[in-house]
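Asks: Sequence:
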Amino acid sequence: MRTGEKSGENSIEYYANNWSSELSQTLSEIERETHLKTLSPGMLSGPLTGKFLQMMVRISGAKRILEIGSFTGYSAICMADVLPEDGELLTIESRIEYHEITKKNIKKANLQPKVKSLHGNAIELLPTLEGCFDLIFFDGSKLEYEEYYDQCFPLLNSGGMILADNVLWYKKVVDGKKDSKARALHAFNMKIKEDNRVRNFLLPFADGINCIIKK
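Quick note on numbering: the sequence shown equals residues 1 to 215 in my numbering.
Incorrect hints may have been included.
Claimed, not checked - With a Cα cut of at most 25 Å, we get these calculated SDA-like pairs of lysine to any residue:
no.	residue 1	residue 2
1	Lys177	Asp134
2	Lys215	His35
3	Lys108	Asp81
4	Lys178	Phe201
5	Lys51	Lys103
6	Lys63	Gln112
7	Lys116	Glu88
8	Lys214	Lys108
9	Lys63	Lys107
10	Lys63	Asp179
11	Lys51	Asp134
12	Lys172	Asn200
13	Lys193	Val174
14	Lys108	Leu143
15	Lys51	Cys211
16	Lys108	Ile123
17	Lys172	Cys211
18	Lys37	Gln25
19	Lys193	Asp179
20	Lys214	Leu203
21	Lys214	Glu31
These are calculated hints, taken from the structure and not from any lab test.
Let the hints inform the model, and build the full structure from the sequences given.
Replies: In structure tokens form, the structure reads like this:
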């Protein structure tokens, strides 16, 4: 979700995006269409986060990726774009309308051989997945991040990475009057810090991304 990115031409985010490598034209079209045709375009990861995800895929050498929370497929396509030819990405979306849009956008990006879109509740689908992953991206229900983590940990290869988006939640995690999502995300961040099976860095970028590496 793009919550923390600002688009004004005088913003640091605008400057950083402008002087970073370009994303594909297809992604620009998906971003524009998402803003025109969905009720919650702010859920889109956006170009700056998309470029960050691409960099993490490249740096990690990931070949198999799992995403929880597809929305319109933007972040999945960002990551799949830089996967090797034999790479694979699975993306899970609970809302049927977004699942259908994601499938359409995957086809538009010519990434059907690499990307598989699954519809359903992630908590129910995760136990059915086979094999392990090199990188897992959380961008689904903020109330369920702890459960995602518990279920995904055995699916993550040693040395693999979890990227959990929106963990600052509009900066409400440091607010004395946290809402339910802020409380859940704060509990998740504490859980990660206290887990000696991983190393992590909570990046104060966009709406906060907790970068977690399994030892």
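Asks: Could you check the structure against the hints above and give me the numbers of any it violates, in ascending order?
Replies: Hints 1, 2, 8, 10, 14, 16 and 21 are the ones this structure does not satisfy, whereas the remaining hints hold.
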